[in-house]
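Colleague: If you're matching them up, the sequences are chains H and R in order. For the record, in the first sequence the residue sitting at position 48 is 48 according to our numbering, with numbers rising by one throughout. For the record, in the second sequence the residue sitting at position 31 is 31 according to our numbering, with numbers rising by one throughout.
No lab work stands behind these hints: they were computed from the structure. For clarity, every value in this text was computed on a predicted model and none was experimentally measured. Hints should not be assumed to be uniformly reliable.
Unchecked claim - Here are the computed lysine-lysine pairs in the BS3-like style, where the Cα-Cα straight-line distance is at most 27 Å:
| # | chain 1 | residue 1 | chain 2 | residue 2 |
| --- | --- | --- | --- | --- |
| 1 | H | Lys41 | R | Lys59 |
| 2 | H | Lys14 | H | Lys64 |
| 3 | R | Lys59 | R | Lys69 |
| 4 | H | Lys64 | R | Lys42 |
| 5 | H | Lys20 | R | Lys42 |
| 6 | R | Lys42 | H | Lys41 |
| 7 | R | Lys42 | R | Lys63 |
| 8 | R | Lys57 | R | Lys42 |
| 9 | H | Lys66 | H | Lys14 |
| 10 | R | Lys103 | H | Lys41 |
| 11 | R | Lys63 | R | Lys103 |
| 12 | R | Lys42 | H | Lys14 |
| 13 | R | Lys57 | R | Lys69 |
| 14 | R | Lys57 | H | Lys55 |
| 15 | R | Lys79 | R | Lys42 |
| 16 | R | Lys69 | H | Lys64 |
| 17 | H | Lys66 | R | Lys42 |
| 18 | R | Lys103 | R | Lys59 |
| 19 | H | Lys55 | H | Lys41 |
| 20 | R | Lys79 | H | Lys64 |
| 21 | R | Lys103 | H | Lys66 |
| 22 | R | Lys68 | R | Lys57 |
| 23 | H | Lys66 | H | Lys55 |
| 24 | H | Lys66 | H | Lys20 |
| 25 | R | Lys103 | R | Lys68 |
| 26 | H | Lys41 | R | Lys79 |
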Amino acid sequence: GAVVSQHPSWVICKSGTSVKIECRSLDFQATTMFWYRQFPKQSLMLMATSNEGSKATYEQGVEKDKFLINHASLTLSTLTVTSAHPEDSSFYICSARVQGNTEAFFGQGTRLTVV
Amino acid sequence: EDQVTQSPEALRLQEGESSSLNCSYTVSGLRGLFWYRQDPGKGPEFLFTLYSAGEEKEKERLKATLTKKESFLHITAPKPEDSATYLCAVGPNQAGTALIFGKGTTLSVSS
Chain H
1 GAVVSQHPSW
11 VICKSGTSVK
21 IECRSLDFQA
31 TTMFWYRQFP
41 KQSLMLMATS
51 NEGSKATYEQ
61 GVEKDKFLIN
71 HASLTLSTLT
81 VTSAHPEDSS
91 FYICSARVQG
101 NTEAFFGQGT
111 RLTVV
Chain R
1 EDQVTQSPEA
11 LRLQEGESSS
21 LNCSYTVSGL
31 RGLFWYRQDP
41 GKGPEFLFTL
51 YSAGEEKEKE
61 RLKATLTKKE
71 SFLHITAPKP
81 EDSATYLCAV
91 GPNQAGTALI
101 FGKGTTLSVS
111 S
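Whole structure, please, built from the sequences with the hints as guidance.
Modeller: Okay, here's the thing in structure tokens:
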């Protein structure tokens, strides 16, 4: 299957700082990538859909000014959590779909802890 | 409204004790039903895609089946390494849209 690489795997940051998470499609081009958030023992909650070369589409209730998404190339999307607070601590996962296929492939996830 | 419901939420099996996980769905135009496995602290790992009622797919001890309203993931003679959360998702008819996930079934297999 296609490979999606996410970095970093985990990060600890101080409250008020910003954190950037990268998501790369290694062996295919992804015009669309998706960012999810997952709380312990909960399912994946879609945060936003990232489209190459255009603005991301955010789900209802997700602050676009807090969760900045950039999809500057066909293989890279980034999620920046700005002015992070402890309540932003969570597991963030990206996914991408190979053009023409319906299944999605996921990155390894990033565990964010804000202290 | 597109929706995916998985049952049970948790399942405990003895090694070798076969069982099935259920995924029922309502979606406006199905473009695929997907099963993923997720280990703690990891992203979901793709297992199967099913596109039409009656379709079946197998991988080692797992077999996925699909009807017009639900899918089953059958686990035959499970081993402890099969312990994980199994997620079901559907792909709506609109291209470029995200998958819709159920809450998952957490499977624990003890030896």
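Colleague: Each hint needs a verdict: does it hold in this structure or not?
Modeller: Hints, verified against the model:
1. Taking the CA atoms of Lys41 of chain H and Lys59 of chain R, the gap is about 26 Å. The hint holds against a cut of 27 Å.
2. Of the pairs offered as hints, the one joining Lys14 of chain H and Lys64 of chain H holds, with about 21 Å between alpha carbons and a cut-off of 27 Å not exceeded.
3. Using a Cα cut-off of 27 Å, the hinted pair Lys59 of chain R and Lys69 of chain R holds, with the two alpha carbons roughly 22 Å apart.
4. Between Lys64 of chain H and Lys42 of chain R the alpha-carbon distance is near 25 Å, which keeps this suggested pair within the 27 Å criterion.
5. Distance check on the hinted pair: Lys20 of chain H and Lys42 of chain R sit about 19 Å apart at the alpha-carbon level, within 27 Å; holds.
6. For the proposed pair Lys42 of chain R and Lys41 of chain H, the alpha carbon gap of about 13 Å is at most 27 Å, so the pair holds.
7. Straight-line distance between C-alpha atoms of Lys42 of chain R and Lys63 of chain R comes to about 23 Å, which keeps the hinted pair within the 27 Å bound.
8. At most 27 Å may separate the alpha-carbon atoms for a hinted pair to count; Lys57 of chain R and Lys42 of chain R meet this at roughly 24 Å.
9. With a C-alpha separation of about 16 Å, the suggested pair Lys66 of chain H and Lys14 of chain H falls inside the 27 Å cut-off, and the hint holds.
10. Our distance criterion of 27 Å between C-alpha atoms is met by Lys103 of chain R and Lys41 of chain H, whose separation comes to about 9 Å.
11. At most 27 Å may separate the alpha-carbon atoms for a hinted pair to count; Lys63 of chain R and Lys103 of chain R meet this at roughly 20 Å.
12. In summary, the hint linking Lys42 of chain R to Lys14 of chain H is supported, as the alpha carbons are separated by about 23 Å, within the 27 Å threshold.
13. Proximity of Lys57 of chain R to Lys69 of chain R is assessed by CA-CA distance (about 17 Å); at most 27 Å being required, the pair is judged to hold.
14. Note on Lys57 of chain R and Lys55 of chain H: the hinted pairing is violated, with a Cα-Cα distance of about 38 Å set against a maximum of 27 Å.
15. For the suggested pair Lys79 of chain R and Lys42 of chain R, the alpha carbons sit about 20 Å apart, so the restraint of at most 27 Å is met.
16. The hinted pair formed by Lys69 of chain R and Lys64 of chain H fails the criterion: a straight-line CA distance of about 35 Å is larger than 27 Å.
17. For a cut-off of 27 Å, the pair hint linking Lys66 of chain H to Lys42 of chain R stands: about 24 Å separates their Cα positions.
18. Between Lys103 of chain R and Lys59 of chain R the alpha-carbon distance is near 22 Å, which keeps this suggested pair within the 27 Å criterion.
19. Restraint check for Lys55 of chain H and Lys41 of chain H: the C-alpha separation of about 31 Å exceeds 27 Å, so the hint is violated.
20. In summary, the hint linking Lys79 of chain R to Lys64 of chain H is not supported, as the alpha carbons are separated by about 44 Å, beyond the 27 Å threshold.
21. A distance of roughly 26 Å separates the Cα atoms of Lys103 of chain R and Lys66 of chain H; the hinted pair therefore holds under the 27 Å criterion.
22. Taking the CA atoms of Lys68 of chain R and Lys57 of chain R, the gap is about 16 Å. The hint holds against a cut of 27 Å.
23. Using a Cα cut-off of 27 Å, the hinted pair Lys66 of chain H and Lys55 of chain H holds, with the two alpha carbons roughly 14 Å apart.
24. Taken as a hint, the Lys66 of chain H and Lys20 of chain H pair is honoured in the structure, with Cα atoms around 12 Å apart against an allowance of 27 Å.
25. As the CA atoms of Lys103 of chain R and Lys68 of chain R are separated by approximately 20 Å, the hinted pair is consistent with the 27 Å bound.
26. Under the criterion of a C-alpha separation no larger than 27 Å, the hint pairing Lys41 of chain H with Lys79 of chain R is consistent with the structure, at around 22 Å.
Going down the numbered hints, you'll see the structure goes against 14, 16, 19 and 20, while the others check out.
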